[in-house]
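A.B. asks: The task is simple: from the sequences and hints, build the whole structure.
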Amino acid sequence: MTQKISVGALLPDELPSDSRHTRQLVRRQMIAEAVMAEGSMRIEDLTDRFGISLMTAHRDVDELVSRGLFRKTRGIVTAAATSLIESSDVYRSSRQSAEKKMIAKAAMQFVEPGQAIFFDDSTTVLQMAAHLPAKVPLTAITNSLTLMNALKGMHDVTLLALGGQYYNWCNAFMGRMTINEINRLRADVAFISMSAITDDIVFHQSPELVDTKRAMFDCAVKRILLMDHTKFERRALHSFAALTEFDVVIVDDKTLATHVDRMRSKDINVVIARDDEVRS
Numbered sequence: 023m024t025q026k027i028s029v030g031a032l033l034p035d036e037l038p039s040d041s042r043h044t045r046q047l048v049r050r051q052m053i054a055e056a057v058m059a060e061g062s063m064r065i066e067d068l069t070d071r072f073g074i075s076l077m078t079a080h081r082d083v084d085e086l087v088s089r090g091l092f093r094k095t096r097g098i099v100t101a102a103a104t105s106l107i108e109s110s111d112v113y114r115s116s117r118q119s120a121e122k123k124m125i126a127k128a129a130m131q132f133v134e135p136g137q138a139i140f141f142d143d144s145t146t147v148l149q150m151a152a153h154l155p156a157k158v159p160l161t162a163i164t165n166s167l168t169l170m171n172a173l174k175g176m177h178d179v180t181l182l183a184l185g186g187q188y189y190n191w192c193n194a195f196m197g198r199m200t201i202n203e204i205n206r207l208r209a210d211v212a213f214i215s216m217s218a219i220t221d222d223i224v225f226h227q228s229p230e231l232v233d234t235k236r237a238m239f240d241c242a243v244k245r246i247l248l249m250d251h252t253k254f255e256r257r258a259l260h261s262f263a264a265l266t267e268f269d270v271v272i273v274d275d276k277t278l279a280t281h282v283d284r285m286r287s288k289d290i291n292v293v294i295a296r297d298d299e300v301r302s
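Residue numbering for the sequence shown is 23 to 302, as defined by our numbering.
Take the hints with a grain of salt, since some may be wrong.
Said to hold, decoys possible - Below, in silico cross-link-like pairs of lysine to aspartate or glutamate (EDC-like), each with a Cα-Cα straight-line distance of 20 Å or less:
1) Lys123 x Asp297
2) Lys244 x Asp275
3) Lys276 x Glu203
4) Lys127 x Glu203
5) Lys244 x Glu203
6) Lys244 x Asp269
Hints listed in this document are in silico derivations from the structure and should not be mistaken for laboratory results.
C.D. replies: So, in structure tokens, the structure goes:
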């Protein structure tokens with residue numbers, strides 16, 4: 023997955039000959055970049071910035087919403103998550119990219135050749151894909167379509183793709199069918215990331231996602247949580263698990279010492295990921 027939305031990311035390989043259609047595609051790309059950069063914008067502001075009518079702005083935004091990039095509520099289009107709505111995977115992949123890469127690299131110390139591993143649909147866990155060739159053979163089990171595509175041609179990685187209902191906003195499969203498939207499996211490790219930590223409990227906005235990840239959690243011997251420092255500042259609606267239920271919690275080096283000290287006082291195994299080293 024790309025780490026930053028760039029001009030052309032939403033455009034087809036060949037632009038249509040119809041210049042009106044071409045301008046529309048380019049304008050929607052520019053709108054996408056603007057909202058990604060700001061986090062949220064009033065639709066009326068888009069009319070001023072791009073010199074378009076309110077009707078055209080709504081039409082462009084509705085198209086981007088239908089692709090799972092944004093949410094539109096009461097005249098505001100947003101890419102950022104709220105306590106009720108998770109942001110799209112495109113937006114999430116562009117946030118805290120460096121920290122996610124460090125955390126993913128640190129997580130690899132818990133991967134051993136021959137293991138069967140659950141990888142969830144999070145953009146943090148996705149960063150582990152680049153490191154997996156060094157630990158093959160492996161069996162990778164995931165509901166993430168993005169991760170499936172990253173692993174499908176990887177030598178000595180047996181890919182078990184979890185099906186079910188497809189959710190565009192996270193580019194992943196979730197729900198009853200997915201959970202039924204998970205429940206028939208037993209893995210050595212599950213790597214999981216979520217949206218928020220409150221009172222040392224992990225939360226997420228999507229109940230379907232919570233149920234799917236909980237199934238992975240329950241069907242793995244070892245459970246490892248990957249969370250960058252911003253997750254301690256966020257709120258979400260649905261609880262998933264207490265930090266004490268995880269075997270390891272991996273955070274980045276921007277995580278406040280008060281959070282680290284509190285977790286360790288509760289005997290939580292905290293690993294701090296850094297640029298060139300990992301400190302436990």
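A.B. asks: All hints, please: hold or fail.
C.D. replies: How the hints compare with the structure:
For the suggested pair Lys123 and Asp297, the alpha carbons sit about 9 Å apart, so the restraint of at most 20 Å is met. Between Lys244 and Asp275 the CA atoms are separated by roughly 23 Å; this puts the pair beyond 20 Å, and the hint is violated. At most 20 Å may separate the alpha-carbon atoms for a hinted pair to count; Lys276 and Glu203 exceed this at roughly 37 Å. Straight-line distance between C-alpha atoms of Lys127 and Glu203 comes to about 28 Å, which puts the hinted pair past the 20 Å bound.
The suggested pairing of Lys244 with Glu203 holds, with an alpha-carbon distance near 19 Å, which does not exceed 20 Å. For the hint pairing Lys244 with Asp269, the CA-to-CA distance comes to about 6 Å; that is within 20 Å, so the pair holds.
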